[in-house]
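*Asks:* Going line by line, the protein sequences match chains A, B, C and D.
One point on numbering: in our numbering, the residue at position 87 of the first sequence is 155, and numbering is uninterrupted.
One point on numbering: in our numbering, the residue at position 174 of the second sequence is 156, and numbering is uninterrupted.
One point on numbering: in our numbering, the residue at position 172 of the third sequence is 278, and numbering is uninterrupted.
One point on numbering: in our numbering, the residue at position 11 of the fourth sequence is 12, and numbering is uninterrupted.
Treat the hints as calculated values from the structure; they're not laboratory data.
One or more of the hints may lead you astray.
When the alpha-carbon atoms are kept at most 30 Å apart in a straight line, the in silico DSS-like pairs for lysine-lysine are as follows [to be verified]:
no., chain 1, residue 1, chain 2, residue 2
1, B, K175, B, K121
2, D, K231, D, K221
3, B, K105, C, K290
4, B, K221, D, K180
5, A, K77, B, K189
6, D, K226, B, K186
7, D, K245, B, K235
8, D, K187, D, K7
9, D, K57, D, K92
10, C, K116, D, K14
11, C, K114, B, K105
12, D, K21, D, K187
13, B, K186, D, K221
14, D, K110, A, K104
15, A, K252, D, K119
16, A, K77, A, K217
17, B, K42, D, K92
18, B, K236, D, K183
19, B, K42, C, K251
20, D, K7, D, K221
21, D, K92, B, K0
22, C, K290, D, K94
23, B, K67, C, K327
24, A, K252, D, K94
25, B, K235, D, K221
26, D, K63, D, K94
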Amino acid sequence: MSKKLWSFKFSTASLVLIPAAVGINYIGKLFAGLLKLPLWLDSIGTMLASMLAGPIIGALSGAINNIIYGLTMDPISFVYAITSIAIGITVGILMYRGLIKNIYLAILSGIIVALVAAIVSTPINIAFWGGQTGNIWGDALFASLMAKKFPMWLASFLDEFVVDLPDKVASLVISFLIYKGLPKSLINLYSSDDEIERL
Amino acid sequence: MAKIVVEGLKYRYPLSQKLALNDISFEINEGEFIGIIGANGAGKSTLCQALTGIVPLFFKGDYGGRVIIDDVEVAKSNLSEISLKIGMVFQNPFTQITGSKLTVYEEVAFGLENMGFEREEMKRRIDDALMLLDLYRHKDKNPFDLSGGQMQRLAIASIIAMQPKIIVLDEPTSQLDPQGSNEVFKAVSDLKKKGITVIMVEHKVEKLSEYADRIMLLHDGRLIDFDTPSKIFSKDDLKDYGVVEPVFTRYCKKIGLKDERGLYPVTLDEAVNLVVKKREHNS
Amino acid sequence: MRMMSLYKDKDTIIHKIDPLNKILYILASILITMLISDFKILTLTLVFSFLLLAIGKVIKNVFPIISFSLIVLVTIVVIQGLFNPNNKIPLFNIGQFVFYKEGIIYSFLLILRVLNILCAFSLLILTTKPSDLIENLVRRGLSPKLGYVLASVLQIIPQMLSTMDTILDAQRSRGLETEGKLIKRLKAFIPLIGPAVMNSLISTRERAMALEMRGFNSNIKKTFLNEHNETSMDKLIRYLIIALIIFTIVWRLVWLK
Amino acid sequence: MNIIVKDLYFYYKEGEDVLKGINLEFDDRCTAIIGQNGAGKTTFVKLLKGLLKPKKGDIFIKGLNTKETTVAKLASIIGLVFQNPNDQIFKNKVLDEVMFGPLNIGQDKNLAFENAKKALELVALLQKADENPYDLTLSERKLISIASILAMDTDIIILDEPTIAQDFISREKIKNIIKKLKEEGKLVITITHDMDFVAENFERTIVFNQGQVLLDGPTKEVFSKEDILKTAHLEPPYITQLFKRLGFSETVLNLEEALNYKIL
Chain A
69 MSKKLWSFKF STASLVLIPA AVGINYIGKL FAGLLKLPLW LDSIGTMLAS
119 MLAGPIIGAL SGAINNIIYG LTMDPISFVY AITSIAIGIT VGILMYRGLI
169 KNIYLAILSG IIVALVAAIV STPINIAFWG GQTGNIWGDA LFASLMAKKF
219 PMWLASFLDE FVVDLPDKVA SLVISFLIYK GLPKSLINLY SSDDEIERL
Chain B
-17 MAKIVVEGLK YRYPLSQKLA LNDISFEINE GEFIGIIGAN GAGKSTLCQA
33 LTGIVPLFFK GDYGGRVIID DVEVAKSNLS EISLKIGMVF QNPFTQITGS
83 KLTVYEEVAF GLENMGFERE EMKRRIDDAL MLLDLYRHKD KNPFDLSGGQ
133 MQRLAIASII AMQPKIIVLD EPTSQLDPQG SNEVFKAVSD LKKKGITVIM
183 VEHKVEKLSE YADRIMLLHD GRLIDFDTPS KIFSKDDLKD YGVVEPVFTR
233 YCKKIGLKDE RGLYPVTLDE AVNLVVKKRE HNS
Chain C
107 MRMMSLYKDK DTIIHKIDPL NKILYILASI LITMLISDFK ILTLTLVFSF
157 LLLAIGKVIK NVFPIISFSL IVLVTIVVIQ GLFNPNNKIP LFNIGQFVFY
207 KEGIIYSFLL ILRVLNILCA FSLLILTTKP SDLIENLVRR GLSPKLGYVL
257 ASVLQIIPQM LSTMDTILDA QRSRGLETEG KLIKRLKAFI PLIGPAVMNS
307 LISTRERAMA LEMRGFNSNI KKTFLNEHNE TSMDKLIRYL IIALIIFTIV
357 WRLVWLK
Chain D
2 MNIIVKDLYF YYKEGEDVLK GINLEFDDRC TAIIGQNGAG KTTFVKLLKG
52 LLKPKKGDIF IKGLNTKETT VAKLASIIGL VFQNPNDQIF KNKVLDEVMF
102 GPLNIGQDKN LAFENAKKAL ELVALLQKAD ENPYDLTLSE RKLISIASIL
152 AMDTDIIILD EPTIAQDFIS REKIKNIIKK LKEEGKLVIT ITHDMDFVAE
202 NFERTIVFNQ GQVLLDGPTK EVFSKEDILK TAHLEPPYIT QLFKRLGFSE
252 TVLNLEEALN YKIL
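Input sequences plus hints: build the corresponding full structure.
*Replies:* This is how it looks when you write it as structure tokens:
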């Protein structure tokens, strides 16, 4: 794909992709809840936006996702905008480097995304929650590591990582499957640097 | 003068093998009501998009020929400027609501704000547009609380507020119930009375025949014919193009009932009048 | 649900304050809670925020917002009380678990911080109409396009949600089962999310065209339908908050030495 | 009897009844349900399908009470094609999409494949079986959503607004599908706003108005009651209107019938 990776010139199509991405995140989370899945699946929209329109639109989708959550539900989401931005950027880069080609690479990429998300979230978790994530399983691990005198940053990182790993891998695999099923005309809509050919 | 001149228009969407528009030429005069008919895939939507500059300015692809509105070639202009000359209304009322405004009144203002109009001018235009589309009493409602027909009229009002001389409507009633469609047809005929050129893609040929001055028949990206409703629907090979004449015309064709010019009636009134005339003549 | 928002429509002086000032107040609040670890000051600022919320008549609406973080806040006391690396002085014990003073103090500091920030945010969220907030920011130089994106999300999401039920019905009509073993439920996710994604992506195409036909990409300077006047009161408040922020930073720097 | 509806009441919000005391029986006749938006038509078919359960009264589908039967079980007896195909299509191949339902209700791979092929042939889209549904037009996707229900081979098929946004050719296709299903002895029920379509294809017509059955009977009889139709804001078919204007007292339903009269 010959598209410029860091283009800041947004087409209208890419911009209206952002509300759609935030909506998909939200619906993903609700469907996951409805099916009682032990995952959040609330970053599928962000990942799809990155795959379709690059890391910047992906990052914006992530940021706006958290701003909207912050405004309408839980203000703490604002600070985790940084994590969402990191997810958007990482998926965008992996995609445009051609690294998300098949299901195995998608799983591998999911691990990378989980790693990045955990690294970015850890300082926030430490500043706000003394290292916890609010997830019962993750926090149980955190408590047991703290009891064994692990350094707090490592315990906090592992707390976040075990929680993120299954979720981000599943999210990325699902996003990849959906992306693969998209019609070409739609994919083409977001790559803005086609030229008009004279007939 | 709001005249549309189309010369040798050709277009192929990106990634597509087939020409969506193939060597189309015609002219439309100010104040005309033009209907466009044709089977799915005939190129009706693409033609609408080419008239309003969406092709090739939004969808890129391969483009040839020219579309000229008011001596301006659309392919060399930009969509914001074009929107002051020619507006476009789409199929789905939902997707045309911006979603960023909380009232009908503010929704109509969206385009005017973007084009930098002064506040007083803006208000004047919004009032006019809402009156014309019979939406003024809903001006403080949330756009998403409107019925389908009202929402589609809001989309038209938002375009009309930009005061284009020409409005293109791509199947604006296809997703509405009969009541909503009637509302939209009435609104569109009011636009014509105001002197606005109306170009409308529509499958409901009975309705279209009542309003259109001329009808354009498209097939496979080509312009097959462009003439008055009577002439178009009196053709005997319409089935080959995947379109059907109004039910009145179909009936009269079956029983061989035509007027002195050899044309078949296309509306209920025309059919009734013709029968009455023939009956008088026979007795 | 027409629009996602926690805004409570009331007629109070707090509601009338310029949204930008409320954002500055949040910034000040974060800065103070992060830079200063003094219980008295943090309690004072928290009380002040509550006072403002009370004037804005939204105090009872704050509790649902805090409840989002409640479980974590409780577990923080437990985990830090038990395992904080600096723990030395035992305070009390429950069964065989010993809680330490250092951890408990640290956890209370964290809780005060979080409450401070939550209350400052609540002041903005509960007393400002989101559309006013966004328009205000656009007037002050936020890109109108980003402004559009933010504003539209609030209304487009509820629209998308209304398709959720239809999708669920349509797929159940085709025999999709949404209950049972984990693997079965996991498999049901794609038939549900798939149409939702396609629906929203397809509508982006038409919405983008419709926006372009309404001058979305115009280079002309945007005007506003609604008038906006900044009062001298708003200016005064702004200078006060900025002064407070500067004072905090300076004080922290001096105090560090 | 295929379907028996007894004293059916339904509401989404208590106190705001959407359906108020519906009593209906459905035999094998092709039936159209018409009425204004908000008359309760879509709610009614969702109740037939078991997606909603009656608040009062009962619905029996082939003898099964919908209150006591799961949606999954009913899925193999009664099929419902939703109005917007984009609310259900998620596979990236037309054939897979059409096979989804049959596989869900327990048809084995071969049978599902055969049924899907047959259904696609019926909607004349077999040659596009390997394409991505979203590369096709909305009208074609609508036909795919119809095929995806036909392939489930249910005895009862409900179509919600099949002709909306359809051109002449697709309309003819749907007409033929209904005819074919009738020949196979299946019950076809259709919700529609398209009066000419009703007059051309349906033996029986039921008019819903404000949650109640306003008219029910042979289509011809229903369209002869112009005054009652008017109260439900419905207009008779164009050809019916023409013959009324020309002074005929009989109700002329469609072109075929019209040819039996001499108007001059």
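*Asks:* All hints are to be evaluated individually against the structure, with a verdict given for each.
*Replies:* Now the hints, each set against the structure:
1. K175/B / K121/B: holds (23 Å)
2. K231/D / K221/D: Judged against 30 Å, a Cα distance of about 16 Å means the pair holds.
3. K105/B / K290/C: Violated: K105/B and K290/C sit about 56 Å apart, past 30 Å.
4. K221/B / K180/D: holds (21 Å)
5. K77/A / K189/B: violated (44 Å)
6. K226/D / K186/B: Given that 30 Å is the threshold and the Cα spacing comes to 25 Å, the pair holds.
7. K245/D / K235/B: It holds: about 20 Å lies between the C-alpha atoms, which stays within 30 Å.
8. K187/D / K7/D: holds (22 Å)
9. K57/D / K92/D: Cα-Cα ~38 Å, so violated.
10. K116/C / K14/D: Measuring from Cα to Cα gives roughly 28 Å; hence the hint holds.
11. K114/C / K105/B: holds (29 Å)
12. K21/D / K187/D: holds (28 Å)
13. K186/B / K221/D: OK: K186/B and K221/D at ~23 Å, within 30 Å.
14. K110/D / K104/A: holds (29 Å)
15. K252/A / K119/D: OK: K252/A and K119/D at ~28 Å, within 30 Å.
16. K77/A / K217/A: violated (50 Å)
17. K42/B / K92/D: OK: K42/B and K92/D at ~28 Å, within 30 Å.
18. K236/B / K183/D: holds (28 Å)
19. K42/B / K251/C: holds (22 Å)
20. K7/D / K221/D: holds (26 Å)
21. K92/D / K0/B: holds (25 Å)
22. K290/C / K94/D: holds (22 Å)
23. K67/B / K327/C: Distance of about 19 Å is within 30 Å: holds.
24. K252/A / K94/D: Between K252/A and K94/D the Cα gap is close to 13 Å, so the pair holds against 30 Å.
25. K235/B / K221/D: With a Cα-Cα distance of about 24 Å, the restraint between K235/B and K221/D holds, given a limit of 30 Å.
26. K63/D / K94/D: Violated. K63/D to K94/D sits at ~34 Å, over the 30 Å cutoff.
Hints 3, 5, 9, 16 and 26 from the earlier list are contradicted by this structure; the remaining hints agree with it.
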